[in-house]
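**Q** With the hints as your guide, set chain B onto chain A.
Just so you know, the sequences run in chain order A and B.
Letter 204 of the first sequence, counting from 1, is numbered 204 in our numbering, and no numbers are missing.
Letter 116 of the second sequence, counting from 1, is numbered 116 in our numbering, and no numbers are missing.
Derived from the structure by calculation, the hints contain no laboratory data.
Certain hints may be false.
Unchecked claim - Covered, in the sense of this in silico footprint (three residues per stretch, anywhere, with C-beta under 8 Å from a C-beta of chain B), are these stretches of chain A:
1) 3 to 14
2) 111 to 125
3) 165 to 172
4) 219 to 226
As the list claims (entries may be wrong) - From the structure, some residues in chain B lie toward chain A, with a derived Cβ separation under 8 Å:
5) E23
6) G24
7) S72
8) V77
9) R80
10) I81
11) T85
12) H86
13) L93
14) P190
15) S194
16) P232
17) D234
18) V235
19) A282
As the list claims (entries may be wrong) - Sample of chain B residues with no beta-carbon within 10 Å of chain A, all distances over it, derived:
20) R19
21) E28
22) T76
23) A88
24) E125
25) R184
26) Q196
27) Q219
28) A220
29) A241
30) I244
31) V322
32) G346
33) Q358
34) R444
35) L453
Glycine included, every Cβ here is placed at the ideal spot set by N, Cα and C.
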Amino acid sequence: MVFAHGFGCDQSMWRLVAPRFEADHRVVLFDHAGAGGADPALYDDDRHATLDGYAGDVVDLLDELALGPVVFVGHSVSATIGLLAAARRPDLFDRLVLVGPSPRYIDDDGYRGGFSTEEIDELLATMDTNYLGWSSVMAPVIMGNPDRPELGAELTELFCRTDPTVAQRFARATFLSDNRADLAAVRTPSLVVQCREDVIAPVEVGRYVHENLEGSRFALIDAVGHCPNLSAPDALVAAMREYLSEPAREPVVA
Amino acid sequence: MTPAGRARSWAHSPVALLRLDAEGRILEANDTFLAWANGEGTGAQAPEDGAGAPASDADAGTRPDVRGRRLSDLLTVGGRIYWETHMAPILTLQGRVDEVAVELRTPGAPLPVLLSAVARTEAPEPVVDVALFAAQERARFERELVAAREAAEHAAARLQWVQEATAELSGAAGLREVTDALVRSVERHPAVESAQLRDDGALGDAGASLVVPVTGTRQAFGALVVTPHRRPGDVPIDPDALAIIAQQGGVALERARLHEQSESVARELQHAMLTQNLPRRADLEVNAEYRPAVSGLEVGGDWYDAFGLDDTTVALALGDIVGHGLHAATAMGQLRTATQALAAPGLGPAATLELLDQFVRRRQVGFASTLVYAELDTTTGTLSYACAGHLPPLLVRDGGAEYLWEGRSAPLGVPNLRGPRAEGSVLLKPGDVVLLYTDGVVERRDRPLRAGLDQLAAVAAERGIGDEGELLSHFFDAEANQRDDACVLHVAWHGAPASSDGSSGGASDGAEPAAAGLTAAGAALAATDAITGLGSKSWLHLT
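Extracted from the complex, chain A is given alone in its bound form (with noise of 0.2 Å):
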């Protein structure tokens, strides 16, 4: 089971779910390259200016570690990270969780993605003209002592640790991409997680994908924002536990 983490943060972000899953299966976590503990080096301005390139990274992964066929867990632009690789290499995908998964942010004719064109410029300008606020401003408040002892201090340094220069390009390879198209050469079977609330990828987007992505599930759970991986752990494992407990399907023949 392979869990990989959205924009924004690092394989952090799963530690009250992936922790969940070790009794009945191999976890595996990792950083995308330029975020995190990856080598900084393994960035590549020319590979990681598309999702492709990421995609192309969990295919490498997974294969170096002979892994496949796992359960590809994605969060946020994860999702369709993972969405990609599996439409490139079904082999190496038994069965997808996407958590709020959205192939397009910016809306188009027909289309509800949550932002106007205006509003994703203007985030991408934010990100341009803040980077203290970004990254700098943001450093010592990761590196501060928490109030939450448990995490320890040496996971704590690592946590959400993001050169701004990659979160920007990430930012706009995220936010700028659109995926819909890729939707249909997905026939891994899948489980779409909506927030019941979620302004990043609201409930049409989760059921959008949900409708033009052969073989899934939809699960609404009742958590609000972006992240029911921190805010609301019960809810996403339980959605996860009742979707893997299925039996298996064979994979939907086009």
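**A** Structure of chain B alone, referenced to chain A:
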């Protein structure tokens, strides 16, 4: 402080205060927050409203209620996404965030604030306490810092791109290489999918591309059409840097074109001036081999000549002009013509070189050039020679080879401190071969000259005579010298026909009237014929 005092203190605190539920919904907001969110400004923002004065209670009733709304909805979209992807997770994991810069949406311009928050998990319900500090000044300062940092990063990235292009362009020779270098430099930018140099003006389909003119100081070379990847995560392409690279490319292309034109003229000139019709007769065979340096490098000044001085004497000359290119080619022509004009029967090599010295000094042409000049008496086999700073002739005889080290003096035009120019002489045997050659044949950077000379001697001795025209290719097959022109004059004397075999005397006799005609006209006429090429052609009649 009384409970009422505390309540007033909460309501009118200089910072905006909020209490949120676990889902980020506002449970309570103080008046300061309501005033900020209502666009009433802060003390720092609007000093004319009364410096630092808290918002008045009179307005409180008309302000929109924010209770029940999520804090992230009240932030601009950047802050909203940041709240959802960064702050909310960190609040969960660490229980607090400090001094995060976000912007509050207001009816007017967004208000920059610093946000600190603490998650309180104690009973009865988990809540989050939030304090917002107005941060216009800090935001302005930060924007300046960020702008300065961006400008620095921008400049560094631009400089690197341009510098790499400069290095690439300066290492390229020739139009094709420069064009390739230009395209390669531009394509090195990660956001560039492809680049091409178009000179056909067909830019109709360049809608999605950047088009930058490529011009030198005098010529236009079309336009650089740059197609970006247009991938979401790509860094922008700096148009100014692209323009600088295109400009450098234009200058490099112009330089390359001028160079190629002058090289081509120089080569044609050199080729035209090198003697094509070498003396060829029963008792003497003269062949020349010439190998230019590899393309793209400049034309060198190697030259050779062979012409009849009188009916029995053949003059041989081989030299190397100092300099390269068009200049060397023209100097070569002048020196060759002067040699033909000044050489005269009975003068001898040393005296001929001294006349050439005067020519070089007077005309300021070919100073310090080297020259080996020799005269062969075809009836006796006597070869007299003089080397003006030039490498010694090589005598190949009976499967052996030896250098002729006599008759050495300074290069042309250089004052000869050791007195008059020297000359040497050697008596050839029938079957002997003499090689005159330029330094490009034996000199290489990776070995001493001596080794080059030894190798030439060994190859020449091994090949013997009768391999005319093959020495250079044979020599160079193993020893590729690509940096300099190389030239060899190959002189084989078969012995005087009359002395070796009486039956061939008829040919020699038959030749005499023509040669006598030249002799009668005098040396000056012979020299004139030689200059126009008739002199060497006349040898054809003699054979």
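**Q** Could you run down the list of hints and mark each one as holding or not?
**A** For each hint, the structure was consulted:
Taking a C-beta to C-beta cut-off of 8 Å, the stretch 3 to 14 of chain A contributes 6 residues in contact with chain B, enough for the three needed, and the coverage statement holds. Counting residues of the stretch 111 to 125 of chain A whose beta-carbon sits less than 8 Å from any beta-carbon of chain B gives 6, enough to reach three: the coverage restraint holds. Residues of the stretch 165 to 172 of chain A lying with their CB closer than 8 Å to a CB of chain B number 3, which satisfies the three-residue condition for coverage. Judged by the Cβ-Cβ criterion of 8 Å, the stretch 219 to 226 of chain A is covered by chain B as claimed, because 3 of its residues qualify and three suffice.
Because the closest C-beta pair between B:E23 and chain A is about 4 Å apart, less than 8 Å, the hint holds. Among the interface hints, the one on B:G24 holds; its C-beta lies about 6 Å from the nearest C-beta in chain A, closer than the 8 Å criterion. Taking 8 Å as the C-beta cut-off, the interface hint given for B:S72 holds, the closest approach to chain A being about 6 Å. Hint status for B:V77 relative to chain A: holds, with the closest Cβ pair at about 4 Å, below 8 Å.
A least Cβ separation of about 6 Å between B:R80 and chain A falls short of the 8 Å threshold, and the interface hint therefore holds. Annotation: B:I81 was flagged as interfacial toward chain A, and the flag holds, the nearest CB pair being 6 Å apart, inside 8 Å. For B:T85, the shortest C-beta to C-beta distance to chain A is roughly 3 Å, which falls under 8 Å, so the interface hint holds. Of the supplied interface hints, the one on B:H86 holds, with its beta-carbon coming within about 5 Å of a beta-carbon of chain A, less than 8 Å.
Evaluation of the B:L93 hint against chain A yields a held restraint, the C-beta minimum of about 6 Å falling below 8 Å. The interface hint given for B:P190 is met, as the beta carbon of that residue sits about 4 Å from the closest beta carbon of chain A, less than 8 Å. Because the closest C-beta pair between B:S194 and chain A is about 13 Å apart, greater than 8 Å, the hint is violated. Evaluation of the B:P232 hint against chain A yields a held restraint, the C-beta minimum of about 3 Å falling below 8 Å.
Because the closest C-beta pair between B:D234 and chain A is about 5 Å apart, less than 8 Å, the hint holds. The closest approach between the C-beta of B:V235 and any C-beta of chain A is roughly 7 Å, which is under the 8 Å cut-off, so the hint is satisfied. The closest approach between the C-beta of B:A282 and any C-beta of chain A is roughly 73 Å, which is over the 8 Å cut-off, so the hint fails. With a least CB separation of 16 Å from chain A, B:R19 remains clear of the 10 Å interface cut-off, as annotated.
Consistency note on B:E28: stated as away from chain A, and its beta-carbon is indeed over 10 Å from all of that chain's, at 18 Å minimum. Taking the minimum C-beta to C-beta distance to chain A, about 7 Å, the non-interface status of B:T76 is violated against the 10 Å cut. With a least beta-carbon separation of about 5 Å from chain A, B:A88 fails to lie farther than 10 Å from that chain, contradicting its non-interface assignment. At roughly 14 Å from the closest C-beta of chain A, the C-beta of B:E125 stays outside 10 Å, upholding its exclusion from the interface.
Chain A leaves B:R184 outside its interface by the beta-carbon criterion, the shortest separation being 15 Å against a cut-off of 10 Å. At roughly 19 Å, the least C-beta separation between B:Q196 and chain A is larger than 10 Å, which holds for a residue marked as non-interface. Remark: the non-interface label on B:Q219 is consistent with the geometry, its nearest Cβ contact in chain A lying 34 Å away (cut-off 10 Å). For B:A220, the shortest C-beta to C-beta distance to chain A comes to about 32 Å, beyond the 10 Å cut-off, and the non-interface label holds.
Every CB of chain A lies more than 10 Å from the CB of B:A241, the least distance being 16 Å, so the non-interface label holds. A cut-off of 10 Å between C-beta atoms confirms that B:I244 is not in contact with chain A; the least separation is 21 Å. Listed as a non-interface residue, B:V322 keeps its Cβ farther than 10 Å from every Cβ of chain A; the least gap is roughly 51 Å. With 10 Å as the threshold on Cβ separation, the claim that B:G346 sits away from chain A holds: the shortest Cβ distance comes to roughly 78 Å.
Separation of B:Q358 from chain A is adequate, the least Cβ-Cβ distance of about 68 Å exceeding the 10 Å criterion. Here B:R444 stays apart from chain A, with its beta-carbon at least about 43 Å from theirs, past the 10 Å limit. No Cβ of chain A approaches the Cβ of B:L453 within 10 Å, the least distance being about 54 Å, so the stated non-interface status holds.
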